[in-house]
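Enquirer: Listed below, chain by chain, are the residues.
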Amino acid sequence: MPAGFSTLDFYFILPELVLTGGALLLLLLSVTVPKQDGVLLGVTLVTIATTLVAVSAFAGLDETVSRGLLAIDGFAAFFKVLALLSAALTVLMSAPYLRVEGLKAGEYYFLILCATLGMMFMASGLDLITLFIGLETMALSFYVLVGYLKPNPRSNEAAVKYFLLGAFSLGILLYGMSLLYGATGTTSLAGISAALSGQETSAVLVLAVILVGAGMGFKIAAVPFHMWAPDVYEGAPTPVTAFLSVGSKAASFAMLLRIFVEGLPALAEEWKTLFWGLAVVTMTVGNIAALTQSNLKRMLAYSSIAHAGYLLIGVVVGTERGVASMLVYLGVYLFMQLGVFGIVTAMRRGDIIGDELKDLTGLFKRSPVVGFAMLCFMLSLGGIPPTAGFMGKMWLFGAAIDAGEIWLVVIAVLNSAVSAYYYLRVVVFMWINEDEPAGSPIAIGPTMAVALGVALLGTVVLGVYPQALFEYAQSAASTLDGITSSIALR
Amino acid sequence: MAETIVFYTLSVLILGLAILVVTAKNAVHSVVALVMTFLCVAALYVVLEAEFLAVIQILVYAGGIVVLYLFVVMLVNLGRSPEEHQDPRRLSVFGLGLAGAMLLEVAGIVVYSYNRSASTVTAPAAASPVQGNTQELGWLLYTDYLIPFELASVLLLVAMVGAIVLAKRDL
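Chains as they are written, first to last, in my numbering: chain A, 1 to 490; chain B, 1001 to 1171.
Hints listed in this document are in silico derivations from the structure and should not be mistaken for laboratory results.
A few of these clues could be false.
[As the list claims (entries may be wrong)] Computed beta-carbon distance windows for the label pairs: (1) Ala-1152/B - Leu-291/A: 39 to 47 Å; (2) Phe-168/A - Tyr-1114/B: 30 to 38 Å; (3) Pro-224/A - Val-1072/B: 28 to 36 Å.
[To be verified] So, partial list: chain B residues that the calculated Cβ filter (under 10 Å) puts toward chain A: (4) Ala-1101; (5) Leu-1155; (6) Val-1158; (7) Ala-1163.
[What the hints assert, rightly or not] Pairs of lysine-lysine, BS3-like flavour, derived with a Cα cap of 27 Å: (8) Lys-161/A - Lys-1025/B; (9) Lys-161/A - Lys-1168/B; (10) Lys-150/A - Lys-1168/B; (11) Lys-1168/B - Lys-35/A; (12) Lys-104/A - Lys-1025/B; (13) Lys-161/A - Lys-150/A; (14) Lys-150/A - Lys-104/A; (15) Lys-35/A - Lys-150/A; (16) Lys-161/A - Lys-104/A; (17) Lys-104/A - Lys-35/A.
All C-beta atoms, glycine included, are put in the ideal place defined by N, C-alpha and C.
Isolated chain A, as found in the complex:
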């Protein structure tokens, strides 16, 4: 057996292999089985569940496989679980949506699984090449998924915009990576970190940090790289928007943490300054732009931009506690964001698109349970106790205060106050009861009920009893190499 190649590597990527196998099976079944929608849904869910089991089988390991290309550690496992959970909830809420829109299910689920596969590699990659190919696999799947509503011009526009800007940002990211490779002679994050330690900061390295930061900033929709988000979120099929705003964002944050915390600790001063600025602008612009939106999906797009701003606080802090609080926030964000988009998806029925704020009028009267769920998600997104969103924010801001980032926290708290206005505005719309033509109750199918139930349960339970998530995130963050538990440099 030649060096650098071992069958053990294949054992460690078992979850990814299961997922790929399931995706290929779906493609096969979608052309062979008649009356397939239920079968395809079942196969997709079983694949995701099996992958989840395989991921948990490696829990507690801290291995580097395939000559330092992949990490099998707690950090990777945490993000793999996030990716798989968001994929599962997305698939559950997609099933009724695909029926209403009359879309083909096979390729849709295949692309969702492939995007998840890309996310898993972004979480575990320890090498710029692995990370980049993972990112590209995810991005390419999303370009197609965003444009999946072929007869809808808004979906087409969203796909073209996302593709063009995405390709451009990938170019910028690659340019930054190539500068890093040029400066250090290696693509492995550990190698880059070793080559840079003790070396003077040069203009090339600063340029590389800025370019990689900009490329990743596009993926997490940080201002000023956010221009695509509102249009894409609005035009894409609603479940895809949900997956894009949760899965893609979480995986991009994982990759960002890997590159900057593991690969570039020597340049911490530079990238912390960069992300400090990005965090402030992102929070502020996201929240202020969300105030005036009348389309629910557009408003949620700006709100998710603002949440990326809050999450960047964790990157600026950069300590173990900072990263752990980011993981907690991402876990919480998954449930509340997917929940909201689940409800928006459920409002799409017959000839009603249901993504305008005024479509919500009288929701409490029409469907009290859905109205209550929406209330919980909105409170949580606004960070109001006793919901999970409050716990996430408290933990995140606490970590920032701990690291001496007082101003950042002041700005973030002010922003949260602003955000409460537009989240509560949604609730107000649900209470208004004008006799609109949209006044029929919302029918929730069994799969949608499961998805909404899980999201609601997560949002409420994590708000009351967040301890388990805290501990899990803490242990995951501690496995990230190059992480310090001391107070950060700034």
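For chain A, the structure is supplied; the task is to place chain B on it using the hints.
Expert: Leaving out everything else, chain B in the frame of chain A:
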């Protein structure tokens, strides 16, 4: 010294042609400038002694991708106004001269760097049991980088499925 001159000459050519790609009014001119850019990049690879990459660059980019571009340009026929084509031979002499200079340049570089690399062969660190550019690349792809390589195959499958999903009228 000579290598530096070659590098900067090529860089100026690449950048100049790349600017031409985005500024040219006629889409066909853009594509031709693009081919030239790709060829110059290939020459850069040769200078770096990455012959395999240079060949692939020419085959895939200058060959395959540009042909696709030309197909698109000709199918779409980007509303060219007929006045622009009153004198088709207006710039032909200039263009021919430029093309000749380019060809000489590239050929010169190839010959030069081929001779140079033959004269100053330095054995690479004995990391892998194979010799030669192409073999080395294959060795790396199938050992160290096997997993990203396999992932790239999934990536290509996604691209293929995506293209079919988007292009087929009613799937």
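Enquirer: Mind listing which of the numbered hints don't hold for this structure, in increasing order?
Expert: When the structure is compared with the hints, numbers 4 and 12 turn out to be violated.
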